[in-house]
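Chains as they are written, first to last, in the numbering used here: chain A, 1 to 346; chain Z, 1 to 346; chain U, 1 to 346; chain H, 1 to 346.
Check each hint, because a few of them may be wrong.
[As the list claims (entries may be wrong)] Mimicking DSS-like on lysine-lysine, the simulated pairs with C-alpha atoms at most 30 Å apart in a straight line are:
no.: 1; chain 1: A; residue 1: 118; chain 2: H; residue 2: 223
no.: 2; chain 1: A; residue 1: 118; chain 2: U; residue 2: 318
no.: 3; chain 1: A; residue 1: 118; chain 2: H; residue 2: 318
no.: 4; chain 1: A; residue 1: 15; chain 2: Z; residue 2: 15
no.: 5; chain 1: Z; residue 1: 164; chain 2: U; residue 2: 223
no.: 6; chain 1: A; residue 1: 164; chain 2: H; residue 2: 221
no.: 7; chain 1: U; residue 1: 118; chain 2: A; residue 2: 318
no.: 8; chain 1: H; residue 1: 39; chain 2: U; residue 2: 15
no.: 9; chain 1: A; residue 1: 221; chain 2: H; residue 2: 318
no.: 10; chain 1: A; residue 1: 164; chain 2: H; residue 2: 223
no.: 11; chain 1: H; residue 1: 223; chain 2: A; residue 2: 223
no.: 12; chain 1: H; residue 1: 43; chain 2: U; residue 2: 39
no.: 13; chain 1: Z; residue 1: 319; chain 2: H; residue 2: 319
no.: 14; chain 1: U; residue 1: 221; chain 2: Z; residue 2: 164
no.: 15; chain 1: Z; residue 1: 118; chain 2: H; residue 2: 319
no.: 16; chain 1: A; residue 1: 118; chain 2: U; residue 2: 319
no.: 17; chain 1: Z; residue 1: 118; chain 2: U; residue 2: 221
no.: 18; chain 1: H; residue 1: 319; chain 2: A; residue 2: 221
no.: 19; chain 1: A; residue 1: 223; chain 2: H; residue 2: 221
no.: 20; chain 1: H; residue 1: 318; chain 2: Z; residue 2: 118
no.: 21; chain 1: Z; residue 1: 39; chain 2: A; residue 2: 15
no.: 22; chain 1: Z; residue 1: 223; chain 2: U; residue 2: 318
Hints listed in this document are in silico derivations from the structure and should not be mistaken for laboratory results.
Protein chains: 4
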Amino acid sequence: MHNFQCDYTEGAHPKLMAALMQTNMEQTCGYGLDPYCEKAREKIRAACEAPNADVHFLVGGTQTNTTVISAVLRPYQGAVCAAQGHIAVHETGAIEATGHKVLGLPCENGKIHAAQVKAYFAAHFASETAEHEVQPGMVYISFPTECGTIYTKNELADLHAVCKEYDVPLFIDGARLGYGLADPNCDLTLPDVAKLCDIFYIGGTKCGALFGEAVVITNDKYKCDFRYMIKRHGGMLAKGRLLGIQFDALFTDALYFAITRGAVDSALRIREAFEARGIEFFGSSMTNQQFPILTDAQLAFLSRNSLPEFWADAEDGKKIVRFCTSWATTKESVDTLVEDIANMPI
Amino acid sequence: MHNFQCDYTEGAHPKLMAALMQTNMEQTCGYGLDPYCEKAREKIRAACEAPNADVHFLVGGTQTNTTVISAVLRPYQGAVCAAQGHIAVHETGAIEATGHKVLGLPCENGKIHAAQVKAYFAAHFASETAEHEVQPGMVYISFPTECGTIYTKNELADLHAVCKEYDVPLFIDGARLGYGLADPNCDLTLPDVAKLCDIFYIGGTKCGALFGEAVVITNDKYKCDFRYMIKRHGGMLAKGRLLGIQFDALFTDALYFAITRGAVDSALRIREAFEARGIEFFGSSMTNQQFPILTDAQLAFLSRNSLPEFWADAEDGKKIVRFCTSWATTKESVDTLVEDIANMPI
Amino acid sequence: MHNFQCDYTEGAHPKLMAALMQTNMEQTCGYGLDPYCEKAREKIRAACEAPNADVHFLVGGTQTNTTVISAVLRPYQGAVCAAQGHIAVHETGAIEATGHKVLGLPCENGKIHAAQVKAYFAAHFASETAEHEVQPGMVYISFPTECGTIYTKNELADLHAVCKEYDVPLFIDGARLGYGLADPNCDLTLPDVAKLCDIFYIGGTKCGALFGEAVVITNDKYKCDFRYMIKRHGGMLAKGRLLGIQFDALFTDALYFAITRGAVDSALRIREAFEARGIEFFGSSMTNQQFPILTDAQLAFLSRNSLPEFWADAEDGKKIVRFCTSWATTKESVDTLVEDIANMPI
Amino acid sequence: MHNFQCDYTEGAHPKLMAALMQTNMEQTCGYGLDPYCEKAREKIRAACEAPNADVHFLVGGTQTNTTVISAVLRPYQGAVCAAQGHIAVHETGAIEATGHKVLGLPCENGKIHAAQVKAYFAAHFASETAEHEVQPGMVYISFPTECGTIYTKNELADLHAVCKEYDVPLFIDGARLGYGLADPNCDLTLPDVAKLCDIFYIGGTKCGALFGEAVVITNDKYKCDFRYMIKRHGGMLAKGRLLGIQFDALFTDALYFAITRGAVDSALRIREAFEARGIEFFGSSMTNQQFPILTDAQLAFLSRNSLPEFWADAEDGKKIVRFCTSWATTKESVDTLVEDIANMPI
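Based on the provided sequences and hints, a complete structural model is requested.
Next up, the structure:
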């Protein structure tokens, strides 16, 4: 059975496992102050062309989102995001647990736009009773979004410009950043992303690591005392070098990009196979997540060999399902699925 | 150079690394619902002789403490502990971040006692203005304590009895649990610990794992919806099986106990070497942490080959330092240190 | 100029002021433990036909909502309410400040319905990934709602039945409770309200008091240690008797009901005057808040003598405004307004 | 029976009651934006000789402390105070409820000193593991302290200088500020206080008002968006003018100072009466709270006519009790008590 349910079904890329094995008996200090973390930080700064950025390593996404968001907001401020954004719906109130409201805006294809955000800020600050409402204090977007779509360079630049106008940070949740950058329509590079926001993170968990997210803070205003915040939120890993060793490997010889490009290539093969059969999709993802809309009969047919994840009900009794690829997806898995798609009932 | 600064300077025990390597390319579901976590849970229940306990795996200690404490307390309650307890001083306010006060009691050798706790509870509930103060809602102890000492079976039973009398849980922070059970004077077994508290955790990070703490909830009252709490606090690891695989290995053939016994044996060799030279100690630890009180000359002499951690200033310009052993401490390291102790200036 | 902007533009009903004056130099103990508070509690229990209810007095609405909501929810739970509910939009994140998400449901006329709430609960608990989302832990409604509408006895009973089915409390924000009970179409009495929920509060601030809200807890499950919660949230008034004295006066000779009935009578005179001119309304309020939709010319005409509050923009350049009446609204004010309405341009 | 238990046993000074009565039927806007609040702000700025200060009115002390402290601290910071400070022991964890640890320093007579605070700050920032502990982010003192003592001008200036050196605010809890300034040994004026800290509040509740505390922010750095914080913490009174009217009256013709001077005169008559009998005191208060140490027989004798508050047990079976005076203490009450003291058994 080939599991396409999510992009974290396996362990880590063999090169990362090898690096962990090789360094296992070395003695280093803890808490991310070791030479491996330092080396990984340097490589990430170089890859981002952001020599002055602060780079911090955390274990998981929810932890990263709560730590960053509560670090940058004042108590009465909230995080503006897409109503379907991860922090709005899938983190069991972890953001609210830090005292902050998530301010969801209506979205299409998972994205929010500069004009919409600007209108929201303008309305708040123009209100005579503004202080009776949560003040928007940052903008959070996912790249790619929860439904696999991406922002163009212009869209991101516009969003960042609005944030600057209101002096609030733009924070990009890059849990799947590499898969977004590997979208064939993407006109953004990693340095572009670093330039067009104030804080973002490069996801490791879904892109080849056992675990780990690298927070990159490019705006000096948000750098102060971030390590206190990590510790306060339970995110300071004792054997912090495990994060450094993995990110060092990911950013050696551009492994990170090779991994994500490969996964997107696989995903697009699957997409094309569905398109060839006239299947429609939820959203327009060109990244590692594909959301075809299938009949029960089609699902049953494919499920003999391949396991997608149920996403949502669609019209006419059809179902939206998610097929995820990752660094670990094998050619054999994709071949099998593609062949089954070609033969499934219409 | 032999590093004795802490018990998390290396990676994981080779058997755990082997298990992680061997399972690396398997596909499992995430979030701790995989078969490896289930197997590890079963083995832990068996080792604890607690067949009905709930077992949850978290990544680190601060995260575990905040998740457990905020799960069991009502908002206006606090956690009673030793004034020098880990949650009181070394977690950057992570407990307060969940809205709860840490209620530190004076302590000796890191321990608090039943009579003292009972008096504290009694005074609170007898007060006419009780509602103007934080209500003690649980008792937190570390086993072994932050200075390496342990509770006897009677002491723990007495403490638990007071907790039951006031219907509050006793929570044991077992970050170094195995090292405490390996103290030659310890009259407690793992099943005893499980019986004499309501919740505790078995530390992995300091006892042979890359990371990981196993929370064991024996009192039904505190089991409900604990996974929501884990997620809310950013502690639900996507590739949760990494925790299951490691704890499965630790509780196979009693590896956990072999590891911790070995480390304590090493620590006691070091202790004896110091005692043979008439060196005094801070506290009376018989576990894997030793706190000799040394002159600068002695420290300089030992530091040519071995690295202890500075702990605190003592009288007469002397310094308390900490020598930690772990599963990874080699015979060679201990031999070198013991020989240097024998030759250091008095 | 006659101010109809809100229902808290004046001080307190003269009988309350007289009671405060008369008792001013008496000496009593503080924090709500005085005889006046006790007397008021008894009268409220009697008026509610809830002899076993706990009654607590707080100063204001936001404070009351946060104290009640954080007292009844477990950390990972949220409060289900209308998307336009007061706690969702007008309290600067005070609920989130206690760590809880507000779970807004789509609403019409400010109300949410039993079937809708049941579906929401059912969907959550049926989800395989429920623990990745905030668990609905209570239902919050306003009576009357923010747009002046009320629930029927059947609607409230149905909502309460759903809450009981899921073992969560139904909490009624009664900041304007008396005005709702005075709606001529209301088929609920105060004892009905007390029976058909688990906790509610009787608003004083908007119904004749200088300030003050009386929380009535009818379900034993939510009574424990509530005074600790009040203190923790800064709501324990030192001179607590000020609240007792006022509520004692309000519930003497049914003053509370006389006050709110009078205000609604005035509001309905205003409503009829608008209806006579063919003016349409936002919502269908028959309580003390009226929301006519007016042209700029009409607004300008009325504003020479009477001050409404801007509410929202409507179609065709028209504006929704709010005219509020209260215990203090004079016949002269209403006469003036009604006459102006009769003469305003159409 | 003459009640000396606390300084909030009566309502408000007659002049404040008169002002509330006189303005009762006026219509004003809410939330502290009315002309009475504005007038009171102006008078307070003038009395403080702080023309640029921001002045905000809140209802009670706990609310004020939580609002100010959570407004100025970053999440990982705590408030340094005397271990016996009000926020450390008597607010049911209200500060921790906002996510912040209270960092209690050992104190004598309720006071902390500049050298002690400096050493604490220096130790924190010198520590290599500072980020594992709560960062001291402000200094909180009470003036007068919880045991009635005061700081000298030099002591306050020194404390403020340390705060400036570390760029943290000094916050003075002035719940009884006027009683402190009326201490015959006090060399500070209200403008001195305003100059020698960054934020403080002038307590109304204990000094003649029904309720109310006036927060004065003199340091621009802490002014931004404070009204959002008030609302978020449930402190924005709907009929905010009630606070303005009272503070306007208190700061008209220096009524505030007349009230507090009178109360301290009464307290010192009581003190002298005890001293004349050779009675010892807990602490050295020269303000409105007196803490004689009495035998049971003496207490029983005095308690026939006068009611003090039990404070704590003392040596030899004696008891520390508190006699409080206030604006409302009558000459007759003091005469009676003084006479009884003269006649009590020794």
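Going through the hints against the structure:
no.: 1; hint: 118/A <-> 223/H; result: holds (25 Å)
no.: 2; hint: 118/A <-> 318/U; result: holds (25 Å)
no.: 3; hint: 118/A <-> 318/H; result: violated (68 Å)
no.: 4; hint: 15/A <-> 15/Z; result: holds (20 Å)
no.: 5; hint: 164/Z <-> 223/U; result: holds (22 Å)
no.: 6; hint: 164/A <-> 221/H; result: holds (21 Å)
no.: 7; hint: 118/U <-> 318/A; result: holds (25 Å)
no.: 8; hint: 39/H <-> 15/U; result: holds (28 Å)
no.: 9; hint: 221/A <-> 318/H; result: violated (58 Å)
no.: 10; hint: 164/A <-> 223/H; result: holds (22 Å)
no.: 11; hint: 223/H <-> 223/A; result: holds (23 Å)
no.: 12; hint: 43/H <-> 39/U; result: violated (39 Å)
no.: 13; hint: 319/Z <-> 319/H; result: violated (44 Å)
no.: 14; hint: 221/U <-> 164/Z; result: holds (21 Å)
no.: 15; hint: 118/Z <-> 319/H; result: holds (23 Å)
no.: 16; hint: 118/A <-> 319/U; result: holds (24 Å)
no.: 17; hint: 118/Z <-> 221/U; result: holds (27 Å)
no.: 18; hint: 319/H <-> 221/A; result: violated (55 Å)
no.: 19; hint: 223/A <-> 221/H; result: holds (19 Å)
no.: 20; hint: 318/H <-> 118/Z; result: holds (25 Å)
no.: 21; hint: 39/Z <-> 15/A; result: holds (28 Å)
no.: 22; hint: 223/Z <-> 318/U; result: violated (56 Å)
In summary, the structure is inconsistent with hints 3, 9, 12, 13, 18, 22 from the numbered list given earlier, while agreeing with the others.
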